[in-house]
Amino acid sequence: MIQFSSFQEFIEMGGYAFNVWSVYALFTVFLVANLLLPMRRRKQLLRELKRRRIAAEQMQKNTEESARLERAASSLGEST
Amino acid sequence: MWTWFHRLGSPKWFYEISGRWLPWLTAAMLLFLAVGVVWALLFVPQDYQQGLTNRIMYVHVPVASISLAFFPMMAVAGTVSLVWKMKLADMVVKVAAPLGAWFTALALASGSIWGIDTWGTWWVWDGRLTSLLLQFFLLIGMISLRSALEDGDAAAKACALFSIVGSINVVVIKYSVDWWNTLHQPATNFTADPSQPNGPEIWVPLLLMVIAVYLFFIISVILSTRNEILYRERRAQWVEELVSQS
Chain A
1 MIQFSSFQEF IEMGGYAFNV WSVYALFTVF LVANLLLPMR RRKQLLRELK RRRIAAEQMQ
61 KNTEESARLE RAASSLGEST
Chain B
81 MWTWFHRLGS PKWFYEISGR WLPWLTAAML LFLAVGVVWA LLFVPQDYQQ GLTNRIMYVH
141 VPVASISLAF FPMMAVAGTV SLVWKMKLAD MVVKVAAPLG AWFTALALAS GSIWGIDTWG
201 TWWVWDGRLT SLLLQFFLLI GMISLRSALE DGDAAAKACA LFSIVGSINV VVIKYSVDWW
261 NTLHQPATNF TADPSQPNGP EIWVPLLLMV IAVYLFFIIS VILSTRNEIL YRERRAQWVE
321 ELVSQS
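Top line first, the protein sequences correspond to chains A and B.
Sequential numbering of the first sequence, starting at 1, is according to our numbering.
Sequential numbering of the second sequence, starting at 81, is according to our numbering.
Okay, chain B solo, but in the shape it has when bound (with noise of 0.2 Å):
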């Protein structure tokens, strides 16, 4: 158990792990994608209400569902780095704020074009919307803190703090459907019944499109964490090595 935990922190295994595991992650996501995406465009019946605003949701709920996982994976990799000092928990911590600030500013923009004919207005000061912009504004905090903070090790703590009380947000954005009744609609319970209006026609697409979503943060997250690994470890032996080879 414990050497495993080590060999987690080592940044070196982590980034060869990570290049061993990136082109079939990459591909899975490109087969869920293309096969959710086609589904969705194509083959989803419209609703009877909404038409074909429909489609939005296969991108709008995947999107926006994956954008609460941020905050919750930094406060456990916050913890860690805090407790342990592990830097690959904090090169996790900092390369998430700004990737979650992208799938933030994109469940938000998407929510706001399907408003537009749903709802009849881009913008309103609803519990759910309210609470996803404080989550943009929390992760742009985030970024400028990290930045603010000359010292590696002071900016770690502040921001593995910041993480873990920032997600506080997160159960305000997921309850925020129940607690305020205003506009956004709650959660659907989605059935297996094929007769039914939001039975699998309408949810399997969704499914493939919550795991092309996932998949992607995954990649994403790796991806820039391996450039932090990179440019932290610069002056490790097998970094140069590496270098030397490129």
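The shape of chain A in the complex, shown without the other chains (with noise of 0.2 Å):
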């Protein structure tokens, strides 16, 4: 059965809504940052890990092609 006659009465919770508000509250802040956290951790991660990756492509790309250029370069030295 319900304990309450009216949603003040529920609110009021018998002259204790200070110390049985705060903690539902704290509870609440508690579930939601401990699942909101590590799924903002998750895509900040996601998101550096693609970085890099491009990154160590483009690096990679970069090398082949001054490698091309110097082979281009040398081969040129070595028929003048």
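These are computed hints drawn from the structure, not numbers from a lab.
Do not take every clue at face value.
[What the hints assert, rightly or not] Straight-line C-alpha distance at most 30 Å; calculated BS3-like pairs for lysine-lysine: (1) B:LYS165 to B:LYS237; (2) B:LYS165 to B:LYS92; (3) A:LYS43 to B:LYS254; (4) B:LYS254 to B:LYS237; (5) A:LYS50 to B:LYS167; (6) A:LYS50 to B:LYS254; (7) B:LYS92 to B:LYS237; (8) A:LYS61 to A:LYS43; (9) B:LYS167 to A:LYS43; (10) B:LYS165 to A:LYS43; (11) B:LYS167 to B:LYS237; (12) B:LYS167 to B:LYS92; (13) A:LYS50 to A:LYS61.
With the hints in hand, could you dock these two chains into one complex?
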């Protein structure tokens, strides 16, 4: 059976509104924070790893490109 | 048995299986939590001494009792990581410390707020309170220990040992209410008899809340462990594939 006859009475919690509601508020913060923080961290992590991957691929391309240019330059030097 | 053990130790396997479990665990947790909270706040009869502050119990007791699960869990995972050098076990030890600190902090805070009117004080140096505060500091110590050690293997060893030794405190917390009979009440023996003041109408919603918070504990450990796996295995083929798909 519901222990309160009105919404007002429910909010007042028999004079313990501060105690009861602050504990339930802390509990809510605790639940939400410990779900949202790891989820946000996951997004950041994936973004960061993706960025690094693209950077690494770019670097790979640059090295290949400069190696190719160097080979071209040296073969040019040999022929003259 | 051994193939199972090796598969369990594989971060990739854990990542995949936990990804499949998460939706079900979350749904179950939300269900237990919703029924538990509504029941606790609206339907539980008020206590003849404490009045409606007994609603605090439905947060305090589950959170405080599950905060005691962290050290034993870290000790088991730590032993596995020490003996078999299993990477996944050390990841669990690592992510559990800050989560345990959250649980312990909420247990202390909700207990304090409950104590203001029922005990007339928000803090006493009682056995239970002091040993739980010690657990909070041990967890903070463990987080700092890990961040102070740059070498991953050394950090894994140190934290594994720390969690095994630190588990002694859990025994102290558990029996503190029997050893030092000061202010915190001992464990209640609930009965199935509905006519008793500690009958089912009090403990059934409590049980629901305990299950909800237990599921939450499992979910939060899984979520953080998955992040740790992604980071530590970032050079593995399967993580690279996962990253490029994201």
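30 Å Cα cutoff - pair B:LYS165, B:LYS237: holds, 9 Å
Hinted pair, alpha-carbon criterion (30 Å max): B:LYS167, A:LYS43. Please report holds or violated. holds, 23 Å
Does B:LYS237 lie within 30 Å of B:LYS167 when you go C-alpha to C-alpha? At roughly 11 Å apart (the allowed maximum being 30 Å), B:LYS237 and B:LYS167 satisfy the hint.
Proposed proximity, A:LYS61 with A:LYS50 (alpha carbon, max 30 Å): Holds, because 17 Å separates the two Cα atoms, which is no more than 30 Å.
Check whether the Cα positions of A:LYS61 and A:LYS43 lie no farther apart than 30 Å. Holds. A:LYS61 to A:LYS43 sits at ~27 Å (cutoff 30 Å).
Take the C-alpha atoms of B:LYS92 and B:LYS237, compute the straight-line distance between them, and say whether it is at most 30 Å. Given pair B:LYS92, B:LYS237 holds - Cα atoms ~23 Å apart, limit 30 Å.
A:LYS50 and B:LYS254: Cα distance at most 30 Å? violated, 46 Å
Is the Cα-Cα distance between B:LYS165 and B:LYS92 30 Å or less? holds, 16 Å
Starting from A:LYS43, check that the Cα of B:LYS254 is at most 30 Å away, please. violated, 39 Å
Starting from B:LYS167, check that the Cα of B:LYS92 is at most 30 Å away, please. holds, 11 Å
Between the alpha carbons of B:LYS165 and A:LYS43, is the straight-line distance 30 Å or under? holds, 29 Å
Sort out whether B:LYS167 lies within 30 Å of A:LYS50, counting only the CA atoms. holds, 23 Å
The structure does not agree with the numbered hints 3, 6 stated previously, though it agrees with the rest.
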